[in-house]
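A.B. asks: As they're listed, the protein sequences go chains A and B.
Take the first sequence: its position 154, counting from 1, is numbered 154 in my numbering, and each next residue is one higher.
Take the second sequence: its position 30, counting from 1, is numbered 30 in my numbering, and each next residue is one higher.
No lab work stands behind these hints, which were simulated from the structure alone.
Wrong hints could be hidden among the right ones.
Listed next, the stretches of chain A that the computed footprint assigns to chain B, with coverage defined by at least 3 CB atoms under 8 Å from CB atoms of chain B [as the list claims (entries may be wrong)]:
(1) 69–79
(2) 216–225
Computed beta-carbon distance windows for the label pairs [unchecked claim]:
(3) A58(B) x P217(A): 27 to 33 Å
(4) P65(B) x V136(A): 26 to 32 Å
(5) V136(A) x T6(B): 30 to 36 Å
(6) A428(A) x T2(B): 43 to 49 Å
(7) M359(A) x T6(B): 31 to 37 Å
(8) A128(A) x L64(B): 34 to 40 Å
(9) L64(B) x E431(A): 49 to 55 Å
(10) P220(A) x E60(B): 23 to 29 Å
(11) P244(A) x E60(B): 48 to 54 Å
(12) R53(B) x A94(A): 34 to 40 Å
(13) S61(B) x A113(A): 50 to 56 Å
Taking lysine-lysine pairs in the DSBU-like style, the calculated list, with each CA pair at most 35 Å apart, reads [what the hints assert, rightly or not]:
(14) K5(B) x K36(B)
(15) K336(A) x K36(B)
(16) K349(A) x K336(A)
(17) K349(A) x K36(B)
Glycine included, each C-beta is placed from N, C-alpha and C at the ideal position.
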Amino acid sequence: MQALISLDNAPPLAAPLRFFLSAPLFLMLAGLLLAVAGPEVFASRWLPATLALVHLVTIGFMLQVMIGAMIQVLPVVAGASLPRPLALARFVHAALSVGALLLAAGFLSGGAALLRLAALLLALGVGAFLLAAMPVVLPQVSTSPTIRGLKLSLFGLAGVAGLGVALALGLAHGWRLPYPELADLHAGWGLAAWAGVLLAAMAYVMMPMFQLTPGYPARPSWWYPPLLLGLVLLWSLAVALGWPLLTRLTQGMLAVVGLAFTGLTLRLQRQRRRARADATSRYWLAGLCAALGALAMLAAATLWPAVTVWPAWTPLFAILLLAGAFVSFIAGMLYKIVPFLTWMHLQLKMQPGLPAPNMNRLLPDPAMRRQALSYLMALALLLGAAVAPSWLARPAGILLALAGGWLWWNLLGTAWRYRLQAIALAGASDERAQRAGG
Amino acid sequence: MTHPKTPHVVDARYMAPPEPFVRTMEMLDTLQPGEKMLLLLFREPHPLYRVLRQNGHAFESELLPDGTFEILISR
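The shape of chain A in the complex, shown without the other chains (with noise of 0.2 Å):
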């Protein structure tokens, strides 16, 4: 075990743990704001608090744990070691954390400056990112579906940035965009080509590792990411064209392969031998049946536009697709890898003869339970809000702000624990090396 991590080139646990204690504190901070701001977020999806609060959760919450997640698993899943991982980490976080919360400010505020600020501290923390990750990612030879994903999902990025800091300097300096059309194709860069491509990259290794699945099948796991980011690059040829109908029908591919996807996951859930439901598994249920529930309504909408004239019909999808599926599998990822980081780090400093750390300690399973069952809660005031905004928004809010200060609370006590059992086990390796001395 001690070859297995001194060998791995693990970054520092600083460096990934910065971004998953900090992301739970955004998912507070939406719940806060739905919660000040009211049944107005769900009137439309152009209103400065509802783009704030999306961006609290896409910025604030995914990508930080997105990007926490990447600095940490890329030598274990690709033997791509990033360089100087808690240098870049500590700026690209810095950078991400306060670009998010001048992001949200700019829109509820509708200053200019507040938006240019938050545009360029993005682009920077984004981009420090890249460029760190894309000299040692790009060149690994794609022997796994996932090192495969990995590499594209980094181009997904690259979009989804690139979209967003267009939209933001467009907004601050009124330029004349085609606002709904390139807001759409930020969203699929950012939740297909980016979140979706990564989020299939570490399914591969984490369902298997962590959940006790079978493996997922070779074929359709070499062609999911290259399809997911040849589609979202055919939306985005169909936009610049102005060919709407290639739009729609991109759109509507890219839901269908999305539900083979989430039915492919959900059979193999069904095949994990770890039989006994965690916080995890309840997690990655809920969101996998949300993921079908939104990629369904994509697809409904393709078919039928008419439908979209529901005033129910965009919250309801947004929020089964961010609130439903994407933050239940990122934190149930999280209750997975921060209690795994910690005991390794902590296997790291074992001496022989010293009490070895146990992983159940560092986070006990009823705590992520009954968190899990918060979040699961807030989710159907979420979309119980969507159809009855006036009843509904503000509890709906609160519980989202409670459920995710439990989240945050819940990964604070393992790194607190973390830090008392490492400083116990300095204490004893000292004290034993003074008696071998005198």
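Assemble the complex: chain A is given as a structure, and chain B must be docked to it using the hints.
C.D. replies: Here is chain B on its own, set in the frame of chain A:
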């Protein structure tokens, strides 16, 4: 468990980490010079690859249609 490629097989497809690594290192210790062992996993074990390279073991991996990686390791 045996396999057409070698009788020495660690089927780690439903094992949680770090068991696949530990079992592989244990089996490598029991092999005679010239013998090979096969590790079956649903992922590519890059940390193990680094240890194998450092210890001078040759290995090759193949992805099967069902998602299994067959990693053939020489003593």
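A.B. asks: A separate judgement is required for each hint: does it hold in the structure or not?
C.D. replies: Quick rundown of the hints versus the structure:
For a cut-off of 8 Å, the count of residues in the stretch 69–79 of chain A with a CB near a CB of chain B stands at 5, and the three-residue condition holds. Coverage of the stretch 216–225 of chain A by chain B holds in this model, with 5 residues showing a Cβ closer than 8 Å to a Cβ of that chain against a need of three. At roughly 28 Å, the beta carbons of A58(B) and P217(A) sit within the given window of 27 to 33 Å. Between P65(B) and V136(A) the beta carbon distance is about 30 Å. The supplied range of 26 to 32 Å therefore holds.
Remark: the range hint 30 to 36 Å for V136(A) to T6(B) is upheld by a beta-carbon distance near 34 Å. Roughly 45 Å separates the CB atoms of A428(A) and T2(B), a value that falls within the hinted 43 to 49 Å. One distance hint, 31 to 37 Å for the beta-carbon pair M359(A) and T6(B), holds here, with the actual separation near 33 Å. For A128(A) paired with L64(B), a C-beta distance near 39 Å keeps the hint of 34 to 40 Å intact.
In this structure the hint that L64(B) and E431(A) lie 49 to 55 Å apart at CB holds, the actual value being about 51 Å. Taken as a hint, the range 23 to 29 Å holds for the pair P220(A) and E60(B), whose Cβ atoms sit roughly 24 Å apart. Taken as a hint, the range 48 to 54 Å holds for the pair P244(A) and E60(B), whose Cβ atoms sit roughly 50 Å apart. In this structure the supplied range 34 to 40 Å holds for R53(B) paired with A94(A), their Cβ-Cβ distance being about 36 Å.
Separation of S61(B) from A113(A) is about 53 Å and conforms to the stated range, judged on CB atoms against 50 to 56 Å. Note on K5(B) and K36(B): the hinted pairing holds, with a Cα-Cα distance of about 8 Å set against a maximum of 35 Å. The suggested pairing of K336(A) with K36(B) holds, with an alpha-carbon distance near 34 Å, which does not exceed 35 Å. Between K349(A) and K336(A) the alpha-carbon distance is near 21 Å, which keeps this suggested pair within the 35 Å criterion.
With a C-alpha separation of about 33 Å, the suggested pair K349(A) and K36(B) falls inside the 35 Å cut-off, and the hint holds.
The structure is consistent with each of the numbered hints, conforming to all of them.
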